[in-house]
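Just so you know, the sequences run in chain order D and P. With our numbering applied, the first sequence corresponds to residues -12 to 314, in that order. With our numbering applied, the second sequence corresponds to residues 67 to 419, in that order.
Hints listed in this document are in silico derivations from the structure and should not be mistaken for laboratory results. Source: prediction; values computed, not measured. Relax, there's no trap hidden among the hints.
Computed spacing ranges between beta-carbons, pair by pair:
1) P:L342 with D:N22: 31 to 37 Å
2) P:V279 with D:N(-6): 50 to 56 Å
3) P:N146 with D:N228: 20 to 26 Å
4) D:N228 with P:K245: 24 to 30 Å
5) D:D16 with P:L342: 31 to 37 Å
6) P:L342 with D:S69: 26 to 32 Å
7) P:A261 with D:H132: 53 to 59 Å
8) P:K415 with D:T189: 28 to 34 Å
A few chain D residues that don't get close to chain P, going by computed Cβ distances all over 12 Å:
9) M6
10) A9
11) F17
12) D29
13) G73
14) L86
15) A131
16) S135
17) I149
18) P150
19) V221
20) P270
21) V271
A few chain P residues that don't get close to chain D, going by computed Cβ distances all over 10 Å:
22) P132
23) F189
24) Y260
25) F263
26) T284
27) L333
Backbone N, C-alpha and C fix where the C-beta goes; we use that ideal spot for every residue, glycine too.
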Amino acid sequence: MNKLLKNREALLGLLIALMILAIGLVTPDFLLPSNLLEVYNDTSILIILALGQMLVILTRCIDLSVAANLALTGMVMAMLNSAYPGLPVPLLVLVGAGLGLLLGAFNGLLVWKLGIPAIVVTLGTMSIYRGVIFLLSDGAWVNAHEMSESFVAIPRSELLWIPVLSWVSLAMIGALYYFTRHRRLGREIYAAGNNPTAAFYTGIDVGRTQFIAFCISGLLAGLCGYLWVSRYAVAYVDVANGFELQVVAACVIGGISIMGGIGTVFGCVLGALFLGVINNALPVIGVSPFWQLAISGSVIVIAVIANSRAERRVGRIILKKAALQAN
Amino acid sequence: MDKIMQEPFDKQFESPLESAQAKPQVKPQVKPQLPRIGLSGRLRSWEFFLLLITAAVFLLNSLASPYFLDPWNLSDASFNFTEKAVIALPLAMLIICREIDLSVASIIALASVAMGFAAQSGFGTTLIVLIGIGVGGLCGLANGLLVTRFEIPSIVVTIGTMSLYRGITYILLGDDVLKAYPDGFDYFGQGYVYAMFSFEFVLFLVLAALFFVLLHRTNFGRRTYAIGNNPTAAFYSGIDVARHRLILFVLVGLLAGVASVMLTSRLGSTRPTIALGWELSIVTMVVLGGVNILGGSGTIAGVFIAVFLMGLVTFGLGLLNVPGIVMSIIIGAMLIGVIAMPILLKRFKQRRG
Chain D
-12 MNKLLKNREA
-2 LLGLLIALMI
8 LAIGLVTPDF
18 LLPSNLLEVY
28 NDTSILIILA
38 LGQMLVILTR
48 CIDLSVAANL
58 ALTGMVMAML
68 NSAYPGLPVP
78 LLVLVGAGLG
88 LLLGAFNGLL
98 VWKLGIPAIV
108 VTLGTMSIYR
118 GVIFLLSDGA
128 WVNAHEMSES
138 FVAIPRSELL
148 WIPVLSWVSL
158 AMIGALYYFT
168 RHRRLGREIY
178 AAGNNPTAAF
188 YTGIDVGRTQ
198 FIAFCISGLL
208 AGLCGYLWVS
218 RYAVAYVDVA
228 NGFELQVVAA
238 CVIGGISIMG
248 GIGTVFGCVL
258 GALFLGVINN
268 ALPVIGVSPF
278 WQLAISGSVI
288 VIAVIANSRA
298 ERRVGRIILK
308 KAALQAN
Chain P
67 MDKIMQEPFD
77 KQFESPLESA
87 QAKPQVKPQV
97 KPQLPRIGLS
107 GRLRSWEFFL
117 LLITAAVFLL
127 NSLASPYFLD
137 PWNLSDASFN
147 FTEKAVIALP
157 LAMLIICREI
167 DLSVASIIAL
177 ASVAMGFAAQ
187 SGFGTTLIVL
197 IGIGVGGLCG
207 LANGLLVTRF
217 EIPSIVVTIG
227 TMSLYRGITY
237 ILLGDDVLKA
247 YPDGFDYFGQ
257 GYVYAMFSFE
267 FVLFLVLAAL
277 FFVLLHRTNF
287 GRRTYAIGNN
297 PTAAFYSGID
307 VARHRLILFV
317 LVGLLAGVAS
327 VMLTSRLGST
337 RPTIALGWEL
347 SIVTMVVLGG
357 VNILGGSGTI
367 AGVFIAVFLM
377 GLVTFGLGLL
387 NVPGIVMSII
397 IGAMLIGVIA
407 MPILLKRFKQ
417 RRG
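With the rest of the complex left out, here is chain P (with noise of 0.2 Å):
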């Protein structure tokens, strides 16, 4: 049992695609799988080959850019994908879990209005970062509610919620900006924990451990990925589906507060438009780090190294004066070609032998 349910390398030697297809794709399968085991098991999986191209782009970066190995630049750096990154960990055992919210961006900027308006009337640094990390569990668990009491499929429920949020935004501000913010409010994004490393960064590497250990060292996390291959099964054998997709809700929500704390800290104001599209820099990480879209498999130890690669792409190109909208080119072509490329090579070796 206890192999069957951690998931993590063994099962994960092909594209995340192609194990649990629950798409209509009802063609036979005619050559059984072969069982590949061990180190060359481990070297075909997913975030080996992630890896790889990890490696591949930041020797790439380093020889087209001379400023890009500075350590004080990388660590600038950083501060452009460790807000995303945060809330990528947990929306990774959302989908996992066969559920998606679309509307994590629009929490942020929910979340930061209220810490706004919170810093308006004088609050102290403490409460305005309770109020955000609050506001953004309140949203996660309005989706969650609507999800599992209504039976509706979370990808409609997130489109509708998006708007909602977003327009509650412009409802209460308007086009003014929010920035009456404490003075020791600014630590959250713009402060160092030591030398270069940034309270950001810092911070998301412990949810980063704190999420592995919760996606694979505990029953909560055997418990979603039961539910993403198989709800009904998992329903039968006695797990609370419904209320472990919402407690997952309030958890992608909590972390979009805490992503709003450090995005507001960071620029210091509150506009509506603040972390538009978000939503899907965010979805494309986690599909990256190998998560099935149709849930039941990933790692965080894929999004994790997905994280970094989308950081140093962004980046790379970003010293090489790549305007956005074209990075958002490749980072469209990157989501869709490495999901490709091995179902592709596995077709091309099936026809060659």
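Extracted from the complex, chain D is given alone in its bound form (with noise of 0.2 Å):
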């Protein structure tokens, strides 16, 4: 099991490896290591949200409201910025991250203590945050020359050759994956998610688990809503329309599968970095970008397909396919 899991990865990992070669082949220029840091850069801030929804999905739930909860708290920060310039940029993001943890936390809340699904909430969620974003900013935006300059500067400025962004994904890499193998909590969403009857009968409160990853996928969206909002230099009503979409078909290229328990942080990063590469070869290799909505579309279809038949050896309803074979 664990070896055709690693089988996998290793083989969406050449996948990419072999994309990248043959995007090189038609522009060699996409091969120079300055281009391809620059390709995971721009990835970091998808990566950053896959983790968090991995976490959701690994509990058999998910999380529509990531690019919502984004847009919202990028809003909160960039007006607080603009009101205040002087409020330091580190208190802002934790001001930020708190926020959207609180966000993740009502999701959470929602879904363990009334045991509304996770799917109705997060499509509810989604709308009333994004709602709400109109509501604090009027429909206005909030432009670059109205954000401090530290502000904008800090996910830009590089440390030991590398972005500050790459580097806060490269952390929350770690860290995750510190958390889902050798933490408590880390094991146990993953047994709240692969059986959670067996994981009620050890012990587990399922409802919590669920509700934890919520708040962590919440808290990575507050996080990302300052890198994304610096980044771009620019706030308004629709930033990350969408992109919840692109977050959850980053888990499922990555092999997380969508009925709970299975996943790693590695496969994860992958189906991020696929994506991020896809988006970023277009381009240069001189493909319309109207391309590229049908691509990732197929993209997710083909991965679900290789992913089922990866998981059905796992051989989940033996009577099933009993009855199958003896038909």
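Both chains are sitting in their own frames, so use the hints and assemble them into the complex.
Here is the structure:
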């Protein structure tokens, strides 16, 4: 089982490498280390969000409100920054991450305490959070010149030749790896998603693990709110509109089972990188950006078909398979 | 047997979510549920609860704006939700069957593009309409085949095809507009059958009646509930679960095609962004109508009332000049609130005695 998963990740990694090489054949400049770093940097936000989404999906839930959460926290930070330019940026980031955590916790509470399915809750909060941005901003934009210099500069500033944005995503990958592999809570998340009944009888509060997964997803979305708004130096109502689908897609491509309990941090990162490479490569090899949506759509479909093959070998419904063979 | 399968009123006196909890909520039930029957059961039904809210919204609206009660205004307002409502009907059945289709809005767009090209190459109205519905059906078939042949959860498949179908419209159209529709084509979205009863509205009523019969009065409908309640048991009792789901996916696709005909005819043009984000409000309609998102329960009557409730809320707010994005807050809150309220009420009652 573990071997199989490792294989799958190696396969995905190989696929990405081949893809990069193929693009390199058309435009050799794509292979320059500086460009590859730039591709990674460009994918950083997607990676961070996908990591949060992974935890939620592992517990058999889904968080469709991440993009709206990101946009709302980003707008709040941008407005605070333009109103009080004196506020230190770390404090702002803390406020944003805290707000994101609260928004995530709201989702999680509804799922945990009221037992409303996650897809319903987050469909609802997705439009609520998006609407609140409009109420706060009155539909106005916060533009680059209204933001303080340090607010915009931090994610771009380089540390050891790599932008801070990339460092943040690397740190998150490390943290989530440690959390999912070596912390009790992380293991409980897998247990709760794999078999909720068994998890319950081993003393795990399944609802609570779901709540925690939502909190972490919200926290990361809040963090990304800052990264996104400062990177693009603009905040408006429709920031990252529809980005939640890319995030879910990254998880699916990375082999996170939507049925819960299966998936790893590295798979998730590779899934995000896969999309990131495609998004960055299309303009380079001269494909019209109009193709992007269809390509990521077909990639999702192909990925889930491949995943379904891999997962079926695990044999979840033995009886049904036997019956099918008997027929 | 008949009584068990005939879902509608008596079983649904609590929130639809409480009845078929397939969620990993493993808390043992301490209190046995007392069966409630007869009139009091009916008054506690989800549909009755919805009807009350709808009536309240209607009353509030007519108090808030003097223009609300005008029959022509109300008729105009129906255009805003009939196209979505037409898809909500088969989608309700699909969700009862434990599947979901998030690609419906993209199917509308793809079907609309197909019709636009057909119109451009000089096809007649009948053929254009058939092409629109046909493309919708094909999209539904593709969804259904992916879900049933590969046993992939439909939510992932349709998130994928949602981007795929929409993406194809972008590839085909770019930022162009198609608007060479023939003269008779505008009837489906702009025509009136009788006085202020629009073609769209009448078609919706007819379809609602058809789907009521299909879900509540035929074997097909009963199988839908059976699969939704327990797919494995349904499989062993001889129901071809995969084929049943496939048919439902095709039905959703076909009706998305119908909706596309109406919307394209009403707008008179096709852009790649047509019906963008509609899947959200359509799913909201279905869930608001008391269909359990986890499958197994729900009624056409509930969806029917929910359609009007959503229509009235958006129309009333529109009359009050509330911008669309603020409306989305209210609809989102409604979706969560309407589901949370019965659960909270029940908790409150249990705590008191």
